[in-house]
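> Since the structure of chain X is already known, use the hints to place chain V on it.
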Amino acid sequence: DTGVSQDPRHKITKRGQNVTFRCDPISEHNRLYWYRQTLGQGPEFLTYFQNEAQLEKSRLLSDRFSAERPKGSFSTLEIQRTEQGDSAMYLCASSLVGRPYEQYFGPGTRLTVT
Amino acid sequence: GENVEQHPSTLSVQEGDSAVIKCTYSDSASNYFPWYKQELGKRPQLIIDIRSNVGEKKDQRIAVTLNKTAKHFSLHITETQPEDSAVYFCAASRWGSNFGNEKLTFGTGTRLTIIP
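Those sequence lines, one after another, are chains X and V.
So for the first sequence, this note's numbering puts the first residue at 1; every next one is plus one.
So for the second sequence, this note's numbering puts the first residue at 1001; every next one is plus one.
Next up, chain X with everything else stripped away, as it sits in the complex:
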């Protein structure tokens, strides 16, 4: 499968624990986006990278959230001290810098905080 992949697909954690998700974009794509989707809503933008540079962060991304893309390839999204309100589907998408508007999504990581 040459599409965007995400790991894990499902994560159940207890409130207060830290979790980390990984996204592997399509290999030639240099832009990588993170979105969060709750039930019945559209995806909400969190942050995006061009290569290893983080170009924009949403106000939704509190201090408990951090994202990295250290070598401009895969990215990680970490949530510290999880809260029940963090329960959602976390989607990753990638695109070419020359065609940034065509974003291809991964299958998502479903986070449940108990």
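Hints were generated in silico from the structure; no laboratory data involved.
Any given hint could be a false lead.
[To be verified] 20 Å max Cα-Cα, derived EDC-like pairs, lysine to aspartate or glutamate:
#	chain 1	residue 1	chain 2	residue 2
1	V	Lys1057	V	Asp1084
2	V	Lys1068	V	Glu1015
3	V	Lys1058	V	Asp1027
4	V	Lys1071	V	Asp1049
5	X	Lys11	X	Glu56
6	V	Lys1042	X	Glu102
7	X	Lys57	V	Glu1002
8	V	Lys1068	V	Asp1017
9	X	Lys71	X	Asp86
10	V	Lys1057	X	Glu102
11	V	Lys1042	X	Glu44
12	V	Lys1057	V	Glu1079
13	V	Lys1042	X	Asp7
14	V	Lys1071	V	Asp1084
15	X	Lys71	X	Glu52
16	V	Lys1058	V	Glu1083
17	X	Lys11	X	Glu28
18	X	Lys57	X	Asp86
19	V	Lys1022	V	Asp1049
20	X	Lys57	X	Glu68
21	V	Lys1058	X	Glu102
22	V	Lys1042	X	Asp24
23	X	Lys71	X	Asp7
24	X	Lys57	V	Asp1027
[What the hints assert, rightly or not] Label pairs and their calculated CB-CB ranges:
#	chain 1	residue 1	chain 2	residue 2	range
25	X	Gly3	V	Thr1078	41 to 47 Å
26	X	Gln84	V	Gly1016	42 to 48 Å
27	X	Thr20	V	Lys1057	37 to 43 Å
28	V	Gly1001	X	Gln80	37 to 43 Å
29	V	Ser1012	X	Ser66	28 to 34 Å
30	V	Gly1001	X	Glu102	17 to 23 Å
31	X	Ser73	V	Ser1012	42 to 48 Å
32	V	Glu1079	X	Gln41	48 to 54 Å
Each residue gets a CB set at the ideal place from its N, CA and C atoms; glycine is no exception.
Just chain V now, kept in the frame of chain X:
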């Protein structure tokens, strides 16, 4: 920031009939409008998009229209089939500017059900 509203939230259509989903946006600088289809438990998939320099785009049974003056755009699906059943999301964004706002703002989705 950009705000995208989408209607209706649910839509049931007899197989073979047409379906229309409408979205409005608030940022007049938005210049790219994609539509995504998301089947249950699956990832959103880009099905068609339109840029602000055209008013209409068609791809087989799917078409999108854009009215920049009114700041609204619509998805039209003709000759609907059961496999068209899914949630459809519109989105808006502005690309190629110095604003740094190159992200998608999504609508709240329309659950389309095709009745056989």
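> Looking at the structure, which of the earlier hints fail to hold?
2, 3, 5, 8, 9, 14, 17, 25, 28, 29, 32
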